[in-house]
Amino acid sequence: MTRFITSSFSHLILLIGILIMVVPVWMIFASSTHTSSMINMNGLQMFLGDSFYENYLRVLLYQGGFFKEITALKMFFNSFIMATGVAILSVVTSLMAAYALVYYRIKHATLLFWIIFITILVPLELRIFPTYSVMAELNLVNSYFGLIVPISASAIATLFFRQFYKTVPDELLESAKLDGANTWRFFVDFLIPLSKTMIVAMLIFMFVFGYNQYLWPLLVTTSEQYWTVVMGLKMMSGSIVHRFAFVIMSMVPPILIIIVLQKHFIKGVFQDK
Amino acid sequence: MSFLDLKNVTKIYPNGTKAVHETSLSINEGEFMVFVGPSGCGKSTLLRMVAGLEDITEGDINLDGKLMNEVDPSERDVAMVFQNYALYPHMNVYNNLAYGLKNRGIDKETIEQKVNDAAKLLQISDYLQRKPSMLSGGQRQRVAMGRAIVRNPKIFLFDEPLSNLDAKLRIQMRLEIKKLQQKVGVTSIFVTHDQVEAMTLADRLAVINNGIIEQLGTPIEIYDNPKSLFVAGFIGSPQMNFLDGNLKNKTLSAEGFEIKDINSDFEGEVTLGIRPEHLSQSENGLISLRVELVEQLGSDNLVYGQLKNKKDFCYRCPGNQTIEKGSNLSLNIDNNKYYIFDKSTGKRVN
Ligand SMILES: Nc1ncnc2c1ncn2[C@@H]1O[C@H](COP(=O)(O)OP(=O)(O)O)[C@@H](O)[C@H]1O
Ligand SMILES: [Mg+2]
Chain P
1 MTRFITSSFS HLILLIGILI MVVPVWMIFA SSTHTSSMIN MNGLQMFLGD SFYENYLRVL
61 LYQGGFFKEI TALKMFFNSF IMATGVAILS VVTSLMAAYA LVYYRIKHAT LLFWIIFITI
121 LVPLELRIFP TYSVMAELNL VNSYFGLIVP ISASAIATLF FRQFYKTVPD ELLESAKLDG
181 ANTWRFFVDF LIPLSKTMIV AMLIFMFVFG YNQYLWPLLV TTSEQYWTVV MGLKMMSGSI
241 VHRFAFVIMS MVPPILIIIV LQKHFIKGVF QDK
Chain C
1 MSFLDLKNVT KIYPNGTKAV HETSLSINEG EFMVFVGPSG CGKSTLLRMV AGLEDITEGD
61 INLDGKLMNE VDPSERDVAM VFQNYALYPH MNVYNNLAYG LKNRGIDKET IEQKVNDAAK
121 LLQISDYLQR KPSMLSGGQR QRVAMGRAIV RNPKIFLFDE PLSNLDAKLR IQMRLEIKKL
181 QQKVGVTSIF VTHDQVEAMT LADRLAVINN GIIEQLGTPI EIYDNPKSLF VAGFIGSPQM
241 NFLDGNLKNK TLSAEGFEIK DINSDFEGEV TLGIRPEHLS QSENGLISLR VELVEQLGSD
301 NLVYGQLKNK KDFCYRCPGN QTIEKGSNLS LNIDNNKYYI FDKSTGKRVN
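Residue numbers (the numbering used here), protein chains in the order written: chain P, 1 to 273; chain C, 1 to 350.
Next comes chain C alone, as it looks inside the complex (with noise of 0.2 Å):
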């Protein structure tokens, strides 16, 4: 058994909303896993299920090898940093993270010594005897990390911590986040919508669609490999574009292009997806791309415009290239660099 298991886990709200639907997944000890997935998908129910803030209705939550379902929260020994940190605001920075030890009935020195030294870890040590009203977003975010570090959890639970910074102050504490992490060493599941936080932050990342987890593996492997449309959609920035064709003996055709000895035998209506970095400019190339826009991202172009069939189709390029507006390119597609979907299911078929 690993370190924190949910076997077929169910959440049905009083209401009757079905957030989280029979959901398995094994994390390991030390592990920095991620749920990822569009609002409203069940993640922080999911969350909050293995904090114990929600009741679980079918289905069993263990924890370095306790069944968790009817532990109280208080006595479960996880951490939780929320999206608006709930800072103690009575409290001074000092207190709110002392509070957690001193209900553990720790003595005053050990609290100090702890308190001093997460503090340190978090550049804090300024700041201890104010107030959270007299701080910044940022400086509120080291507090809720600090708030969860110092008790030495057994698992670190982040639900949108980010979200509430502007985009700045947000990749830098997600760098620190992540360092941290790795420092503490201490077993992470981090919440987000955001797929460039997750693909960034994770070890394994878990993507999450109305209620199921529709993909677990690394970012990378996630990437390479979507298993359904949704996470094809989902993962990766800009957009995957896709295109509507037909499969019929390993040929699939789509409007005004056809691409033969396909590796599957599915046969039927398709979705092709092709990533927008997966495309390079060659004569006679398959695909005939009218611009519109170009973003000029100085690393990268962002080359926007519509395909023949009035579709709207994204092309990504390098920098040093100019593209002008109104021109027509040619594209083709890295070497097997697409993947096909049974249109109706959404399942990968390639």
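Isolated chain P (complex conformation) (with noise of 0.2 Å):
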């Protein structure tokens, strides 16, 4: 009976932290499907009004900006480029130089890689004008590439293949080499299907940091033609209702990311193997 009434108090505990979570993203989905002179009078509703496919479809298609040349749906591409570039090029450098820290015989390899990870203190904030100017010399502003790749080094996912290789153990090298396995195949037939579920976890991490990325893609393009989600949140005008309906579909690329891959994300974060 004690257990009983203990468990009760903490779900319900659980209750009112996710309502406090999800109230709010419930109100302005609500919201976003009424009229703006609906919540100008009335202010944030809580149940649906039947405006959902005009406000959503005049959201994406509406052709905004100052130049008026880009709309939502654009900026929807250019994120998903952006933080798809960024996940699959910092997972790509991170396996490789974990996998150089850890099997080639570097001198000072252990120096090396606490190297890399202290640019962790180095955020790209406060290396945003060399950065800026490295990029503008190599005339990549306005392009994916100039998007991608000065964020596209990851430290953390280092860290995270680095002490996972190191908990391989040597015998499975050793066993492949006398089967006739390179340094290469070793890397491709092994260490890669083996850290399949960290790969899966550190593409949705770096997926949602590209995603959510402001300052930087603000200052490397001048051009609306590339303008991101997050910085359309801040330069789309509109009516109350249109800003509502694209706060909600901003959410949905990384949910709907973690929601396909999710079986691999928890597996890759809480298990070793």
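Incorrect hints may appear among the rest.
A short, non-exhaustive set of chain C residues, derived as facing chain P with CB atoms under 8 Å [what the hints assert, rightly or not]:
id: 1; residue: 53
id: 2; residue: 73
id: 3; residue: 74
id: 4; residue: 79
id: 5; residue: 80
id: 6; residue: 84
id: 7; residue: 90
id: 8; residue: 99
id: 9; residue: 100
id: 10; residue: 103
id: 11; residue: 233
id: 12; residue: 236
Beyond 12 Å from chain P on every Cβ pair, some chain C residues (computed) [unchecked claim]:
id: 13; residue: 10
id: 14; residue: 113
id: 15; residue: 245
Taking beta-carbon pairs under 7 Å as the criterion, some of the chain C residues facing chain P (in silico) [as the list claims (entries may be wrong)]:
id: 16; residue: 82
id: 17; residue: 86
id: 18; residue: 104
Simulated from the structure, these hints should not be mistaken for lab results. For every residue, glycine included, the Cβ atom is placed at its ideal position computed from N, Cα and C.
Two chains, two separate frames, one set of hints: put the complex together.
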């Protein structure tokens, strides 16, 4: 009986927590399905209205920006390219960096690793002007390449992969060598499949990281053609319901990625192998 | 030149540990060689140098007429079975066996046939689709063997492959390994610290101590004719009894008895070795044993007790004799089956 009470109590606390997090999002969603005059007169709404299609379609296709040449759809496309690019590029570079650090006989590999690691203490915001001038010199302003590359070296992902590789028993490498595997084959046939779940987890982290970038895209794009969703949140003008609709849609891609990959994600974070 | 030739091979690890000292050894084609010795004596190091997993500090290793020193392990055509099997955890059994063949660019049908043949030989055909984590210890052992066999390598290397199995399975797999090796006929080196395993498996065995081969020979040669105190103590179970003594004018005086007409001109402090199974009861025997404990194994009794000078001593007799705890036995050494070692160097002197 006491167990029932304590477990009900903890469930109650969790439910309150969920409500606190979900209700504002729900109110924005519900409000985004009404007309703006309705919202302006009656404030935020708890229940769904009947302007869902009208509002969302208009937001997706409306030509916004100062020069009226960017649509929300294009922003989603840009953000998707940028987030995917950051995710893939940073996972690939981290995998290879960690491989070299752990398996090649590099002098001072540990020191090198810590040098890579302390870049965590130097976030993009601190180095943004030198980085910008490099990209400008290379003529990469206003390009996907310029959006992606400067934020695609991840010390965190390198740390994760390095720690994982260190737990892989030496006998596995030796056994593979005797089976005729060279360094490349060992990487492709062993380390990548063995770290599959961790790769997926890192892809999700880095996707969300790339998707959420604000300052860098703001700086490196002058053409509206390269605006991203997060920039659009600030830049979009329009009536309140359309902004609400845009906010709601901006949450969809990261959520979709997490839902699609969550099975692997949870395994990768909470299980070593 | 024989099939595998080690010449003055030395291994010094980067931290300065000298694990193998100037070891020379020849192994014939098809031979089953066992390296036996206590833990840390350098057996694995020697084996790993043959595999190419450790650099050779000094000396030469020749396999099938080719100098191996600088050859990459992937090019040596050797197969190794590790103590923890080192199966590929993300591949099913079929791919575990097939992986080495794929790397050699062998076509799919041939691979399939070879894997199936090896699987049949090892009775693992039913598990080909399983991952290693879904296999028992004995099955994993077989997969590890299969991975070695399927490639038909020049030489099999085993590094204590049975030590993770329970006692019963270990004996069974020991037998199977021996049978398999005879059937396949591949030259093999087997490393173990277990002298029973060594005796039962080996065509020839090398007893290693502190990075040196103390003695090389067939199991029976080594059992019958140990060349040093170390080998005498290491091979044989229960262990040989050792007693202090003094040798002078071909007469050995141990505490409580003498042996005359010894076939040795050595003079000085010696250790006398007698195997528990080389004793028998007789009236007025040389040795008088006060029985403290009898282990009845059925076929044999192991009698543990003390001599007059409180020295521990073991005697092995047929299981049909009844021996009372607390009784006194009078024992004689079977005809000349004793070993005398120089106490300071451990070298055999008779
Ligand atoms: N990688 C290594 N670095 C330094 N010393 C080592 C290394 N591997 C083994 N040794 C040392 O070399 C000696 C022989 O080791 P090993 O060949 O593994 O012995 P065994 O297999 O007979 O138990 C031991 O003293 C061990 O501590
Ligand atoms: Mg060893």
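Right, here's what the structure says about each hint:
1. Residue-level restraint check for residue 53 (chain C) holds (minimum Cβ-Cβ distance to chain P is 5 Å; threshold 8 Å).
2. Nearest Cβ of chain P to the Cβ of residue 73 (chain C): about 5 Å, under the 8 Å cut. The hint holds.
3. With 8 Å as the threshold, the beta carbon of residue 74 (chain C) comes within range of chain P, its nearest partner Cβ sitting at about 5 Å, so the hint holds.
4. Interface restraint check for residue 79 (chain C): the shortest CB-CB distance to chain P comes to about 6 Å, inside 8 Å, so the restraint holds.
5. Interface restraint check for residue 80 (chain C): the shortest CB-CB distance to chain P comes to about 5 Å, inside 8 Å, so the restraint holds.
6. With a cut of 8 Å, the hint placing residue 84 (chain C) at the interface with chain P holds, because the nearest CB-to-CB distance is about 6 Å.
7. The restraint placing residue 90 (chain C) at the interface with chain P holds, with a minimum CB-CB distance near 5 Å, inside the 8 Å limit.
8. A hinted interface residue such as residue 99 (chain C) counts as satisfied when its beta carbon comes closer than 8 Å to some beta carbon of chain P; here the least separation is about 5 Å, so the hint holds.
9. Checking residue 100 (chain C) against chain P: minimum C-beta separation of about 4 Å stays under 8 Å; hint holds.
10. Evaluation of the residue 103 (chain C) hint against chain P yields a held restraint, the C-beta minimum of about 4 Å falling below 8 Å.
11. The interface hint given for residue 233 (chain C) is broken, as the beta carbon of that residue sits about 32 Å from the closest beta carbon of chain P, more than 8 Å.
12. The criterion of a C-beta within 8 Å of any C-beta in chain P is not met by residue 236 (chain C), whose closest approach is roughly 32 Å, and the hint is violated.
13. Listed as a non-interface residue, residue 10 (chain C) keeps its Cβ farther than 12 Å from every Cβ of chain P; the least gap is roughly 21 Å.
14. For residue 113 (chain C), the requirement that its beta carbon stay farther than 12 Å from each beta carbon of chain P is met, with the minimum near 18 Å.
15. Every Cβ of chain P is farther than 12 Å from the Cβ of residue 245 (chain C); the closest lies at roughly 48 Å, confirming the non-interface assignment.
16. For residue 82 (chain C), the shortest C-beta to C-beta distance to chain P is roughly 5 Å, which falls under 7 Å, so the interface hint holds.
17. Using the Cβ-Cβ criterion of 7 Å, the hint placing residue 86 (chain C) at the interface with chain P is satisfied: the shortest such distance is roughly 4 Å.
18. Annotation: interface hint on residue 104 (chain C) holds; nearest CB of chain P at approximately 6 Å, less than 7 Å.
Violated hints, listed in ascending order, are 11 and 12; each of the other numbered hints is respected by the structure.
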